[in-house]
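Residue numbers (the working numbering), protein chains in the order written: chain A, 1167 to 1670; chain B, 1371 to 1487.
None of these hints come from the bench; they were simulated from the model.
C-beta: ideal position from N, C-alpha, C; glycine also.
A couple of the hints might just be wrong.
[Said to hold, decoys possible] Some, not all, of what chain A presents toward chain B, calculated at C-beta under 7 Å:
| no. | residue |
| --- | --- |
| 1 | R1272 |
| 2 | V1327 |
| 3 | V1330 |
| 4 | S1338 |
| 5 | A1345 |
| 6 | L1373 |
| 7 | R1375 |
| 8 | W1397 |
| 9 | G1400 |
[Said to hold, decoys possible] Every beta carbon over 10 Å from chain A, so not counted as near; a handful from chain B, in silico:
| no. | residue |
| --- | --- |
| 10 | Y1388 |
| 11 | L1405 |
| 12 | F1412 |
| 13 | T1421 |
| 14 | P1424 |
| 15 | A1425 |
| 16 | G1428 |
| 17 | I1457 |
| 18 | A1461 |
| 19 | A1468 |
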Amino acid sequence: MMSHWIAAPVLLPAIMGALIVLLMRNDLLLQRVFSLVASFALLAVSLALLIAASTEAPEVYRLGDWPAPFGIVLVLDRLSAMMVLLTAVLAVCVLLYTIGTNWDARGRHFHALFQFQLMGICGAFLTGDAFNLFVFFEVLLIASYGLMIHAGGKDRLRAGVQYVAFNLVGSSLFLFALAAIYSITGTLNIADLAVKAAALSEGDAALFRVAAVMLMMVFAIKGALVPLQFWLPGTYSNAPGPVAALFAVMTKIGAYSVIRFGVLVLPPSHPITGTLIADLMLPAALLTLIIGALGILGATTLSRLAAFAAVASMGTAFIAISAFTPASISAALYYIVHSTLAGAALFLIVDLVVDRRAHDSLRDALPPIAQAGLISALFMVSAIATAGMPPLSGFIGKLLVLDALRDSAALIWSVILVTSLIMIVGFARAGSTLFWKAHASAPEGDAPHHPAQALAFVAVGLLLAGLVGLTVLAGPVIDWIEGTSAGLFDTSAYINANQLPEVK
Amino acid sequence: MEALVASAIGMMTAAGVYLMLRQRTFPVIVGLTLLTYAVNVFLFTSGRLATNVPAIYGEGAPGYADPLPQALVLTAIVISFGMTAVIVMMALGAFLEAGHDKVDMNDDDTPANGGQK
């Protein structure tokens, strides 16, 4: 029984963010210390929650102690515990990198916004209430707006305006969907929705279908599913490197929400929506993967290459999700964990390169950068992981996805395999322009001086070590994830945890 | 009353979407604001339109007005207000830095064309 600790991943960053902005806004050292301590504490708490969740049934925490369909609850199950832990791991690595590269000194309030962002992300993963999910989306979005334009600059601000506008539309759509669902079912608690949505009358069918598709569209915006991915490349490539790395988990919130609602509230067996969601999602996911891979191949700058890699990874994840079977969901979950770490590592490495180069265009080679050997090795490792080549976890992840989707092998397998090849070519092209042609274009000589930034390399190394760990321990990890997926499909456990009152 | 509210929501949404697709920041923000108004009214009506009935059901009451959408609408209003303020500030910043208020990014000075980072 974890009881009050379930609220800790939300409360801890919230309190720490407020403390940092109120008491330490003029002292960067204090901010760094407290932000790091808070992130490590979050890591410890989420580890404890994960251990508790993997042995016990889903547990509910009542905020304000009102019972479930009326009050707002947080629900800890294996899936939410896993995603919170993933967030915490990412947060620690990104924070170490930020401190190592002094990114946090280039603007104000980085650490406060960072903590509020963590609060929103953890809250979105833990909440058991659809409207509360909207509120946590807004919390993480408003913090991300601040982080996105951290350190300012013309392009960053203009990309930021686009990002905010796109997300405001997404939020409006979310509210339309929630209002429609509430007007049909009279509830917004996810477990209660699952019960009530399964027993809807025929008269509500049309409105419910519209609401369900709108809801999934909102999550598709978050998850950058084609044709709703337009915000991602511009945002991620213009955001500061460490912020883009933290955003790697934000697209996964879309995937998480699709899994949560797709399994609990709108399963393929649902009498009204049926396979509507899956039928819409699969072609979109295949297109997402294709556009992501082509984007990697055609990217004109290194940051856009990393952004399109994020799009491609979401495509693969959504392909697996759209089947909505236990095997495909567990493949998707493994791939989500992998692609979060790999995507974040890629963004951090891109930032290392861009920081040392005059610009990040991939059109022409520039003289070698400082610490080129180490950075090129790191780039190669993360490229292998992202493209899904052996021996790293990307390969295992894609293998699991392929294995789970044997039924429609001809189409899905060929798309995944061909796009993998395109991604390999794209990464090879970028790597050779960055690191090989650099030597050809300039005479051998002393590389330009640049501070060593050991901490930044440690942070990248930690992320890549996570990928190696995910590969070496693939057996136990997949076993655990299969348990998670099985628990997810046993929807009665989640619903019973909410202790809904008997309907008379 | 239903027809009035429904057409009001529809018109605000249509006007909001039209303005949102404009090229300049100011109409886009006004469009977003109109869209959030439409959402707020829509959210309000999700508890059904009822006049002159109490929010809390009691003995002898003819019916009740669902209080939950009103709470949801309050939250939504606060959030959309805050978000609009944020985007106005960011748009102002972008306008001052770039010298114009176009929304699209296809200028010659983006990093994609080899400009400075």
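These are the hints, each one checked on the structure:
1. R1272: violated, 13 Å
2. V1327: holds, 5 Å
3. V1330: At about 4 Å, which falls below the 7 Å cut-off, the nearest Cβ of chain B leaves the hint on V1330/A intact, so it holds.
4. S1338: Since chain B brings a Cβ to about 5 Å from S1338/A, closer than 7 Å, the hint holds.
5. A1345: holds, 4 Å
6. L1373: Not OK, violated: L1373/A not within 7 Å of chain B, min 11 Å.
7. R1375: Given a least distance of 17 Å, the restraint on R1375/A is violated.
8. W1397: violated, 11 Å
9. G1400: holds, 6 Å
10. Y1388: holds, 13 Å
11. L1405: violated, 5 Å
12. F1412: Given that some Cβ of chain A is not farther than 10 Å from that of F1412/B, nearest at about 5 Å, it is violated.
13. T1421: holds, 17 Å
14. P1424: At about 18 Å from chain A, P1424/B clears the 10 Å cut-off, so the statement holds.
15. A1425: holds, 15 Å
16. G1428: holds, 18 Å
17. I1457: Contrary to the label, I1457/B does not stay out of reach of chain A, its closest Cβ about 4 Å off (not over 10 Å).
18. A1461: Incorrect as stated: the minimum Cβ-Cβ distance to chain A is 5 Å, not above 10 Å.
19. A1468: Its Cβ does come within 10 Å of chain A, the nearest being 5 Å, so this is violated.
Going down the numbered hints, you'll see the structure goes against 1, 6, 7, 8, 11, 12, 17, 18, 19, while the others check out.
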